[in-house]
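All chains should be built: construct the whole structure from the sequences, respecting the hints.
Protein chains: 2
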Amino acid sequence: MSSLFSRVSAGLLSCCLTAAVMALPPADVRAGDDPALEQRFDAGIDPQDLSSWMKQLASQPNQVGSLHDKANADWILAQFRSWGWDAHIETFRVLYPTPLRVSLTLPGHDSFHATLTEPPIPGDATTSRLKDALPAYVAYQGDGDVTAPLVYVNYGMPDDYKALQRLGVSVKGRIVIVRYGAGWRGLKPRLALQHGAVGCIIYSDPADDGYGAQDVYPQGPARPAGGVQRGSVADTTEFPGDPLTPGVGATDSAQRLSIKDAPTLVRIPTLPISYSDARHFLERMGGQVAPANWRGALPITYHVGDGSVSAHLVVESDWSLKTIYDVVAVLKGAELPDQWVLRGNHHDGWVFGASDPESGQVALLAEAKALGGLVAQGWRPKRTLVYLSWDAEEPGLIGSTEWVEAHSEELRQKALVYINTDANARGILDAEGSQSLQRLVDEVAAAVVDPETHVSVAARRRAAMRVAGEEADASPAGKADARIAADAGHSLPIGALGSGSDFSPFIQHLGIASLSLQFGGEGDWDGVYHSSYDTWEHHSRFVDPGFAYDALLAKVAGRAALRLADAEQPVQRYADFAEAVGGYVTEVKALADARRAAADQQSQLLTADAYRLADDPTLSRGDPLVLPPVPHFNFAPLENAADHLSRAAKEFDAALSAGSAQLSPGTMAHVFAQLQTIEQLLAPEPGLPGRPWYRNLICAPGRLTGYSAKTLPGVREAIEDGRWDDVDRYAQLTGQALERYAARLEETHRLIAP
Amino acid sequence: MSSLFSRVSAGLLSCCLTAAVMALPPADVRAGDDPALEQRFDAGIDPQDLSSWMKQLASQPNQVGSLHDKANADWILAQFRSWGWDAHIETFRVLYPTPLRVSLTLPGHDSFHATLTEPPIPGDATTSRLKDALPAYVAYQGDGDVTAPLVYVNYGMPDDYKALQRLGVSVKGRIVIVRYGAGWRGLKPRLALQHGAVGCIIYSDPADDGYGAQDVYPQGPARPAGGVQRGSVADTTEFPGDPLTPGVGATDSAQRLSIKDAPTLVRIPTLPISYSDARHFLERMGGQVAPANWRGALPITYHVGDGSVSAHLVVESDWSLKTIYDVVAVLKGAELPDQWVLRGNHHDGWVFGASDPESGQVALLAEAKALGGLVAQGWRPKRTLVYLSWDAEEPGLIGSTEWVEAHSEELRQKALVYINTDANARGILDAEGSQSLQRLVDEVAAAVVDPETHVSVAARRRAAMRVAGEEADASPAGKADARIAADAGHSLPIGALGSGSDFSPFIQHLGIASLSLQFGGEGDWDGVYHSSYDTWEHHSRFVDPGFAYDALLAKVAGRAALRLADAEQPVQRYADFAEAVGGYVTEVKALADARRAAADQQSQLLTADAYRLADDPTLSRGDPLVLPPVPHFNFAPLENAADHLSRAAKEFDAALSAGSAQLSPGTMAHVFAQLQTIEQLLAPEPGLPGRPWYRNLICAPGRLTGYSAKTLPGVREAIEDGRWDDVDRYAQLTGQALERYAARLEETHRLIAP
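Order-wise, the sequence lines are chains A and B.
By our numbering, the letter at position 444 of the first sequence is numbered 444, and the numbering carries on one by one without gaps.
By our numbering, the letter at position 251 of the second sequence is numbered 1251, and the numbering carries on one by one without gaps.
Be aware that one or more of the hints could be misleading.
No more than 30 angstroms apart at the CA atoms, straight line, and that leaves these computed lysine-lysine pairs for DSS-like [claimed, not checked]:
{"no.": "1", "chain 1": "B", "residue 1": "K1260", "chain 2": "A", "residue 2": "K162"}
{"no.": "2", "chain 1": "B", "residue 1": "K1650", "chain 2": "B", "residue 2": "K1479"}
{"no.": "3", "chain 1": "A", "residue 1": "K131", "chain 2": "A", "residue 2": "K172"}
{"no.": "4", "chain 1": "A", "residue 1": "K479", "chain 2": "B", "residue 2": "K1589"}
{"no.": "5", "chain 1": "A", "residue 1": "K479", "chain 2": "A", "residue 2": "K650"}
{"no.": "6", "chain 1": "B", "residue 1": "K1479", "chain 2": "A", "residue 2": "K589"}
{"no.": "7", "chain 1": "B", "residue 1": "K1589", "chain 2": "B", "residue 2": "K1162"}
{"no.": "8", "chain 1": "A", "residue 1": "K70", "chain 2": "A", "residue 2": "K260"}
{"no.": "9", "chain 1": "B", "residue 1": "K1650", "chain 2": "B", "residue 2": "K1589"}
{"no.": "10", "chain 1": "A", "residue 1": "K131", "chain 2": "A", "residue 2": "K55"}
{"no.": "11", "chain 1": "A", "residue 1": "K479", "chain 2": "B", "residue 2": "K1479"}
{"no.": "12", "chain 1": "B", "residue 1": "K1589", "chain 2": "B", "residue 2": "K1479"}
{"no.": "13", "chain 1": "A", "residue 1": "K479", "chain 2": "B", "residue 2": "K1162"}
{"no.": "14", "chain 1": "B", "residue 1": "K1070", "chain 2": "B", "residue 2": "K1131"}
{"no.": "15", "chain 1": "A", "residue 1": "K162", "chain 2": "A", "residue 2": "K589"}
Derived contacts from chain B toward chain A, CB cut-off under 10 angstroms, selection only [as the list claims (entries may be wrong)]:
{"no.": "16", "residue": "A1207"}
{"no.": "17", "residue": "G1427"}
{"no.": "18", "residue": "S1540"}
{"no.": "19", "residue": "A1598"}
Hints were generated in silico from the structure; no laboratory data involved.
We put the CB at the ideal spot given by N, CA and C, even for glycine.
What follows is the structure, given as structure tokens:
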């Protein structure tokens, strides 16, 4: 794999920046110097703008390759330029298969043909504008024409296959039917294939995503009977972006893999369907009754299948390359043009994409307009602001990944922080990212007022964490967070980043400090996720009426960008990061102990024949999968590094608070330079086991979770997967990276307090 | 209340026993002396008998007052007599209201009339024999004719009303519609009334009890769309038995409360309905979407109700007294006729009652026949065996309670142990009761072979507990049980008794050591529970094919009775009981601490206004119910008594094991006499707070759980209810009872090892 990773030239952006410098007036106002600046920034944000922009962006299907997606890129480009930004479109040529023929039938049973269509919704005119939409499908599945008996495997996750094994049922040569949820979409066909299945049907069960969750659209926000969740099933946990150009930008001249060698494609036909269609298959299936936690909300008894009901599944796609359009807009820094604060959100959707992604896109545009307004009033950022409107996030973070890969050298030198948004909704702030930015998030959240409760966004988030932590079913982590939230002196913890949006190439591949910001929990867009019902009408009624929270997101993300761009002193604090790492180390040690105890216990139960004796023998049961014994590991490098980091971080933070105001401009510049690249120390060669594109040793998308993060992934996943040698090896590598990070803090500390 | 508790004469039974003595040949063989005796006992048990007896007993509706219920009593009497038992029928006159008119309609909405009927099942001829059945109803609800808007309150349990309060919704003046489950039926209308409701509809949701659980009858065992769960809603947690004669036998001459003063009746009309009927109401209801854990498996979005949908509910009953028929059968003890081993199971059902109760009834009859066979072979029990076939268990343990109340003085003197069974199914042994009998249960279970796995019933139960304890969602108690189950030297823990079957008057009112025995977990009778589908056909197909486990129950319960009747040395062990009590003391202390912490925490959250800030303000929310602060309590009397008991029990058990074989017959008789009444020391005056009928201070049905037990109920429920004075008072009273128990052990110990 590593031969695929080549260095790329990064001339394009530098050119633009030079042009941008020329276009801007000289700086006379700066964030931080002038609190009124942020008030003027806020004043430039008008919810009515966001609404009308979303209506425009989401008026027609805007998936990759569509006319409207290109038109949106052009329109966004024009907006940036009209607000005084130096902007251009950068294109890539990427593999993006589009369906030519999809079909799913139930042969012999009245020959039911799945409708595979989403009927328009009365009162939502947008939902009928499907002329340029693609059939519902999942991108990067394997084309095929298969007929085979169906097996229901619940969510199709690893535990479900373990349970299936206990039931004594195999999916070999079968088509699996699984429901959405409990894990990442792309894992479902991949695990099915690993277990020998020849096809995969994924449906949205009304228990998780339909009338069992909420009233369905248009009465409520939830998924109606005909709604289908599209999505990508490419293995972005191996690498995201164009499947044919891992590690390099998919320019015209890039060297490409052949499709047959592309490792992230799934090789069995896979189709997403509605629960209205799924019921016809599920209600006819026989065999054992599905385990209790496999049952959804269809009015049927769920069965695993006994071979008597087959499905005929056909998918055929156009596998040609398509052009994608990233919009890149720059406000060049007046003093430190080579320190970049990056801010991005994608513009492509699966159909109309109102909530996902245009709700975040219009927030980004609102920031850009307000920043343009500040420039018009005479302000100039100290550092360079780079605003990015990505294409092709949906199929696999392609627009961002290709751009990051194409500009990786320049980014390694110049990128300070990347701030991402995506879909947004009414509710409470959720922030994830690099914990060195935890205090920044806390301060920004404290400076912005929640429109529903009229307290700060930070105060509301603290209240929500405290109440959630007191609930009877709160997790230990939730209870711990509640205690932290009750401590006004402690910045609120932010979660680690996995994947699922455009921050991934920045933080996972290059180790650039990143943030992901989102409001949610009250406005509900899950029910139209990746369907043709994700429209401006739905967003306006159910997700963010009045666009108050989309505008609020602009104020939060924009403030973070502004403060980073204009900071006179570092906003980072490292004790928060050290505390998080200390927690992760405790977790991986506990994980190893728990796995060891479970394996020991299972071994005793097997010796005692307890499983057989406890089982109901009238159900044909399989043996449990035997857990391998778990050795003891050398966690000392990790523990020593965590201790070192903790000491260094506390001392550095204290020194920064006490002494940075007195530093000379030259020393301060040196401090900034030291810190600008510190996070990259966490992402050294050779990357994670089996997936060298992922270099960050602190966080990564789990190979079996897809979007959600695994922390200390080299160590944690080695324990989970039983790769014992990798546990010690990555405890060492991760410890070394943390030692280098701590050493960098100590060096920088010496600059402040020599 | 206590004035209602009077002493009753107990002449009747003594008369019978005298007669029995005359009928029996002299003893020459005895259990324990002769292991072959138990093999001969087993040989007398024929599954074919059990099948044909059940077919007979369950051939027609056999609810209290029905012709077939009386015919069954007569038939059972004849069987006992044919097997050489001295048997008679004892009658009582009890309040048992029967429905004259039940009706439920949805006015204005196409005027839907609930069917309130259970359609016959193809292939099950019994289900069409409904001529003598009553309409589906719940006994002891309050008649009425009400029309009011509906409010859905999930299971209608205390936590559900707390959640409703948070939603800002009241049931005042409304009819509640609640689903079966999560707690005792009778609590549902009672809590509804307490919260101001004017009517109550209880339905079986298919998620818990229908297609969401299993295939429905006749394809599978689960409740079909038209199935209705009948039952009693009398408050048996205040006292069971005839609602008009608490504490005394309901003989013709008994003093009776007037119906209007009877405290255990519910005063609002209440009706049980099927999910087929319930759907018509639930799917039309508006208002807020029900909380996630309130949603069942109907294909609708569950709403709490907004006042727009009303129901018209009518119940009118015949409130006359009815005669009930207990069958009492005696094998008088050859040596110790005044030491009684009692064994009972009821014979009345709600309709046909095949699984509930006839599966246990035929086990009891099989024992009686086999014991009769031993008598015919020359055996006679050392102590007296009293076999009891109760009537009127279903409306509220009436047959057993009235008999116990009528014979309480004699029972206090003579009863050694009561062994109960009720519905039974294929699966694993579940035993509950007095922990002094834990080792007996263990030994009996080790002596009987499971027909499916060919290991002992005890070995299978150990395996099941070990496997369950290793499951990811195992409770701490389950994990602890798993550790015990893995220790072959430790007898398996048995659960504490609450209510829900005929053991209650014995253990709860008189403090007589009791056991409840049942197989289950594999054969499934929940789906026809208290419906007209609980038939011989259903039992034979789904609950216990071949009647192997009903016959096994006879072997286990019969062995327990035999060993107790013939024991040369005490079978009781007291360290098991002391260990259980020690655990309960730890629990109530932890409960007080947890309540205190929760109240403190809630107070902090209220002060911080955290609930309001965390809430979604677009939903009209109510404030949380404020938890009162929890003081510290004096648990020392309980702790000291538990320590005392632990020491005394260990020493006594050791002495008994070491020395009892050498005791003179006179000393051994003295030891037996001391132990015969020791359990009654746990049930002194004045009984539990607010419910003096319940005297047992170690276990009782929870006032808010109905069937399931609360241990140390005087203390535990006082903590739960915020009756702080009662906590200290009952810690004292319970401690004193345990001290007396420990002292009795010490006295008895001195007899063995002076």
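Against the structure, test the hints numbered earlier, and report the numbers of the ones violated in rising order. 1, 3, 18
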